[in-house]
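Chains A and B, in that order, are what the protein sequence lines are.
Sequential numbering from 1 applies to the first sequence in my numbering.
Sequential numbering from 1 applies to the second sequence in my numbering.
One or more hints might be untrue.
Stated by the list, open to error - Distance condition first, Cα-Cα at most 25 Å in a straight line; then the derived DMTMM-like pairs of lysine to aspartate or glutamate:
#1 A/K195 / B/E67
#2 A/K94 / B/E76
#3 A/K135 / B/E51
#4 A/K333 / A/E306
#5 A/K94 / B/E85
#6 A/K135 / B/D75
#7 A/K94 / B/D73
#8 A/K135 / B/E83
Unchecked claim - Sample of chain B residues with no beta-carbon within 10 Å of chain A, all distances over it, derived:
#9 S5
#10 T23
#11 Q25
#12 A29
#13 I35
#14 L47
If you are wondering where the hints come from, they were derived from the structure by calculation, not from laboratory data.
The C-beta atom is built at its ideal place from N, Cα and C for all residues, glycine as well.
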Amino acid sequence: MEVENGPGWEIVIGLEIHVELLTRSKVFCSCATGFGGEPNTRVCPVCLGLPGSLPVLNAKALEYAVKTGLALNCEIASFSKFDRKNYFYPDLPKAYQISQYDLPLCRHGYLEIEAGGVRRRIGITRVHLEEETGKSLHAGTSIVDSPFTLLDYNRAGIPLVEIVTEPDIRSPEEARVFLEELKRVVEFAGVSDVKMEEGSLRCDANISVRPRGASRLGTKTEVKNMNSFRAVQRALEYEAARQIATLRAGGRVVQETRHWDDAAGVTRGMRSKEQAQDYRYFPEPDLVPIVLSPEQIEQWRRELPELPAARRERLAREYGLPAYDAAILTASKKLADFFEEAARAFPDPKMVSNWVMGELLRLLKAENKELDQVPLQPSDLVGLLSLVRDGVISGATAKEVFEEMFHTGDPAASIVDRRGLRQISDEGALREIVRRAMAANPDAVQSYRQGKEKALGALVGAVMKETRGKANPQLVNRLLLEALREAKP
Amino acid sequence: MQKLSSEQVAHVARLARLALNETEQERFAVQLGQILAYAEKIRELDLEGVEPTAHVLGLTNVTRRDEVRASLDRDEVLRNGPEVENGYFRVPRVVEEA
Ligand SMILES: [Zn+2]
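Isolated chain A (complex conformation) (with noise of 0.2 Å):
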């Protein structure tokens, strides 16, 4: 498919976004929410939807919703219930999921976002609390073979999210930047780990084009089965590129879900029954409605920790950061509280700023890992860095020790010395090489002093040859100037 959007199209897009809040329990019940697990271990009456089992809200997961509203500035509802949605589908085993439907808990918030240097303000419609469904898997050796589907319901009524955003969003670039910015937004709120490949943070988008100018939205549809934010990306320009070509040769869009086919690089319309869903919902007749004081919102306001775009703000400002490096650093609260434990342990901000961004992001990077994945500590590059700064060991070798630390996550300086890595920064040991140095290398010592400065390199080369390269290059250079202008013949 060609990819071309052309200026005389606008394209508008709005996101659906789920997300598993971090709580210790389930939504509705006691059981435990943490990821894996044996098949069907953490299922209890109430997540089955056994006869007679009655659903009771988790304190913790209420507060999370709602700090989730708040971190996105939205209203907080005075008044709000749960209500049933139903639908047949068997990773749901009561057939309803508790949802919101009406009387959502958050409504009417924005989140800022800076895509391509332009800065927009990105509507938020509503944030419910819903329950997760459980998860199916198909037996056999390919799904098109199986003729089961075999069900696990841990995930079933582990606490989620549902962020519905405005459709404000005007291309498929911005899309992803939202994603990444509502990602750290939730992350930094305290909310949810957002594991996208673990499924804690999923994302289905609405998607339309119109001539440029036009009042009237184009029909749309809706885009699933996207499982990462680069996926979502791609997979919008390629809709918007299907839609407007569709147009283009007089056809029209259909209105309907179509899946992403990530290997295939397209979507698909989905071949289910053109019928509108309906969901039949009704009030949850087993959970009472939820009011909530304004001072029990004032005191979750204040309780909401600083979110991402206030901390690149205050990292550039109190460490004297360029933005570049703010916005990197808060790519992640991890990384974010990594590089400020470090910063407030070392005079040089920037120095540390530069290790974070260049050697801990390019070895994260290159091992495909998490930094709460790996053992290397704050205090570790702290270590490292004074290690440099006196002079003890040289930059190059720092990159090698700070390899190994990050691997193993021991002390720069037990590194340094168990491999012997220490610079000779022995003045009086170092004077004593030079000295050999310069006896071994009279033509060398004789052709700088008639003025050839490159014969100098040859005296410098003598001595770290003697040292295996642990001498302290900046000490050599003085000491070999020293001793070149003192001992005239």
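Use these hints to put chain B with the ligand onto chain A, whose structure you have.
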């Protein structure tokens, strides 16, 4: 008394995954009509300014602390399953055709 159309009955039956024969459809068309007529009575009241009832109990904010308690033993869990395989419930294949 308003009787439901056969299309309406068929729609409701499909949503509930019920297969009704013609006699049943006819019977439920009448019965569902009666139920709706009963609910329609509320329209006889003047409800100007009355908030919809969200819950009949009048209670609010019933919550529990975020504490994990033991789940059910898996043998118990799977006991009600029509079919079971390796700790999973097994059902006829459900795949949305893409
Ligand atoms: Zn449970």
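These are the hints, each one checked on the structure:
1. For the hint linking A/K195 to B/E67, the alpha-carbon distance of about 23 Å falls within 25 Å, and the restraint holds.
2. Restraint check for A/K94 and B/E76: the C-alpha separation of about 17 Å stays at or below 25 Å, so the hint holds.
3. Annotation: proposed proximity of A/K135 to B/E51 is violated, straight-line Cα distance about 39 Å (limit 25 Å).
4. In summary, the hint linking A/K333 to A/E306 is supported, as the alpha carbons are separated by about 10 Å, within the 25 Å threshold.
5. With a C-alpha separation of about 21 Å, the suggested pairing of A/K94 with B/E85 holds against the 25 Å cut-off.
6. Only pairs whose Cα atoms come within 25 Å are accepted, and A/K135 paired with B/D75 is accepted, the gap being roughly 19 Å.
7. Among the hinted pairs, A/K94 with B/D73 is consistent with the structure: their alpha-carbon atoms are about 19 Å apart, no more than 25 Å.
8. A C-alpha spacing of about 16 Å is found between A/K135 and B/E83, which places the hinted pair at or below 25 Å, so the restraint holds.
9. Distance check on B/S5: its Cβ is at least 16 Å (rounded) from any Cβ of chain A, clearing the 10 Å threshold; non-interface status holds.
10. The claim that B/T23 lies off the interface holds: its Cβ sits roughly 25 Å from the closest Cβ of chain A, which is beyond the 10 Å cut-off.
11. In this structure B/Q25 is separated from chain A by more than 10 Å, as the shortest Cβ-Cβ distance comes to about 18 Å.
12. Listed as outside the interface, B/A29 is consistent with that label: its C-beta sits roughly 19 Å from the nearest C-beta of chain A, beyond the 10 Å cut-off.
13. Every CB of chain A lies more than 10 Å from the CB of B/I35, the least distance being 14 Å, so the non-interface label holds.
14. No beta-carbon of chain A is positioned within 10 Å of the beta-carbon of B/L47; the least distance is around 17 Å.
Taken one by one, the earlier hints fail for this structure only at number 3.
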